[in-house]
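Student: Just so you know, the sequences run in chain order A and B.
According to UniProt numbering, the first sequence is numbered sequentially starting from 1.
According to UniProt numbering, the second sequence is numbered sequentially starting from 1.
For the record, the hints were derived by calculation from the structure and aren't laboratory data.
Watch out, some of these pointers could steer you wrong.
To be verified - Cβ-Cβ distance ranges computed for the label pairs, FRET-style:
id, chain 1, residue 1, chain 2, residue 2, range
1, A, 225, B, 32, 35 to 45 Å
2, B, 68, A, 78, 46 to 56 Å
3, B, 49, A, 211, 44 to 54 Å
4, A, 248, B, 49, 52 to 62 Å
5, A, 28, B, 183, 33 to 43 Å
Said to hold, decoys possible - Chain A residues, not near chain B, derived (Cβ > 12 Å throughout):
id, residue
6, 33
7, 61
8, 72
9, 75
10, 109
11, 115
12, 196
13, 267
14, 311
Since we're looking at a predicted model, the values are computed, not measured.
Even glycine gets a Cβ: it sits at the ideal position worked out from N, Cα and C.
Spelled out, the chains give:
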Amino acid sequence: MQHPYSSLPARSFWRTAVAEPDPLDITDLWTPKFGIDQDAPVVTAGSCFAAHIGSALLAQGMHWYDAELPPPGLTRAEQTARGYRRFSFRTGNIYTAAALRQWIAWALGKEEPPQEVWEEKAAFHDPHRPTVEPDGFSSPDDVLRSREVTLAAVRTALTEADVLVFTLGLTEAWHDTHTGTVLPMCPGTVRGTFDPVRHVLHQHTAARVHRDLSDALALARGVNPGLRTVLTVSPVPLTATATGRHALVATTHSKSVLRAVAGQLADEDDRVDYFPSYEIITGFPYRAAFYEPNLRTVSPDGVAHVMRHFFHSLRGRSAPALPAPRTITPVTGGEDPWCDDAVLDYYSPRPVPPAG
Amino acid sequence: MGSGRDFLGPFFDTDGTDVTFRAAEGQRLYREFLDTLDVTALAGLAVPLVCTFGLSAHTVATRQNWDIHRDRSGTVPDRFLRGPLFADLVRATVQGALAFYEHTAALGLRVLAPLPPQRVPGMSDPRVFFAAQDVIGAEITARGVEIVDLRARVTDAEGLQRPAFCLPDDTIHGNLAFGRLVVAELLDRGL
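All chains should be built: construct the whole structure from the sequences, respecting the hints.
Tutor: This is the structure we're talking about:
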């Protein structure tokens, strides 16, 4: 008897697609909705995992569009520490859909960013990208001028891009009730001072994430009607949760919401696609092999594995294994130093070393 | 400013501080670059100079140039390619470029030289290309030039440029993707 499953290809069945092949031989995890020409400008933004994508695009001969180049004289490490050349503009990590919508609304003049500046030890910081200038700016005006440069870069990037690749990272977000804005991270952890009245944690629902992403893309298409989007979900777990849940449960919740919304948007909109970074790292076949011992940081091999799937699928053919990306020496044990939220691990209880 | 072969033999004159390109178009472009940077002579350059003079190794490797050195099988022997005569011949072929780099070194300029696309057209001998490139690279490095070497990122197992970084329908040049990698590398070096 014929039924809908009778004529499906091997990739549709768990046994033949997942259980039987060698995990590294699993293919066809992504069927791109649209091609991306080699010279088509691709803009990248998102959580720390997204920082790997730009350099991988360049290495494969594609056009990663960096709209905010560093000033001359900085070493590669200094550029990275100051938020240059990680994403297509110097916003720092954008973990939430709400923050993406906010940056785009500011860049396109749809909303006014707050003018507040944080001062610490005679240095000044931007509450909305507190880590991009590690030593701080020399004046409040410098903070706001620098932000204007970044907003112009966001505007340029969205206007010029053929494709926006956005990596969703978190659903937990700290809101500033005083300014009505969403913050990139909890005040007091890296910069600023935590005020329990003013700074409130919100767990963004699937509906909220869907609305923020839809609004962000609608705004961007207002200046670039042809813009296409590839959404992906960072496989990097939450460093910490402030919800009171177990970190593992909170991570599953957050990633599940993001995964569901990204998939839904891709199903709803021909100009939006979903690329399964999350599955390629966290999927059953890989047994967490692509994580460092902290079970959080994705290893260079893991990043290469993700990008291999990306480019193979995009080219629609097999290709030799990609070299692992250049590694960055961690500044703390086992954490990705460029993941802002990795700093939260500092606050976690640690075992007391045994006495002499 | 010109094609690669224009910058192998003598192509400029100097009065000690500045250079004058012998080709009128090259000189016009040179003055235009200086005017854009608001300096009057090469000696006043405050920014790094990115220059590929002398690095068109495929021209140096033109087959006919080396026919006299081939063995009975038609191959230019490794022993010859590693020997002093070959290096002398290559140095003589690119003497104009080497003179330019000597001049920039005397001026104390920071000069960076991206290696060319690793492409060898049919008119050129691949073994001579790679050997000549090594000689030229060593010579300009000795003159204080920083080589920008992307070979590990753009070549295949044979040492030749991968198609992703080649200009299609062309046997010599790199494409925009290769240019983007060169720019990325220059940014990495603080430019």
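Student: Need the list of violated hint numbers for this structure, in ascending order.
Tutor: 7, 8, 9, 14
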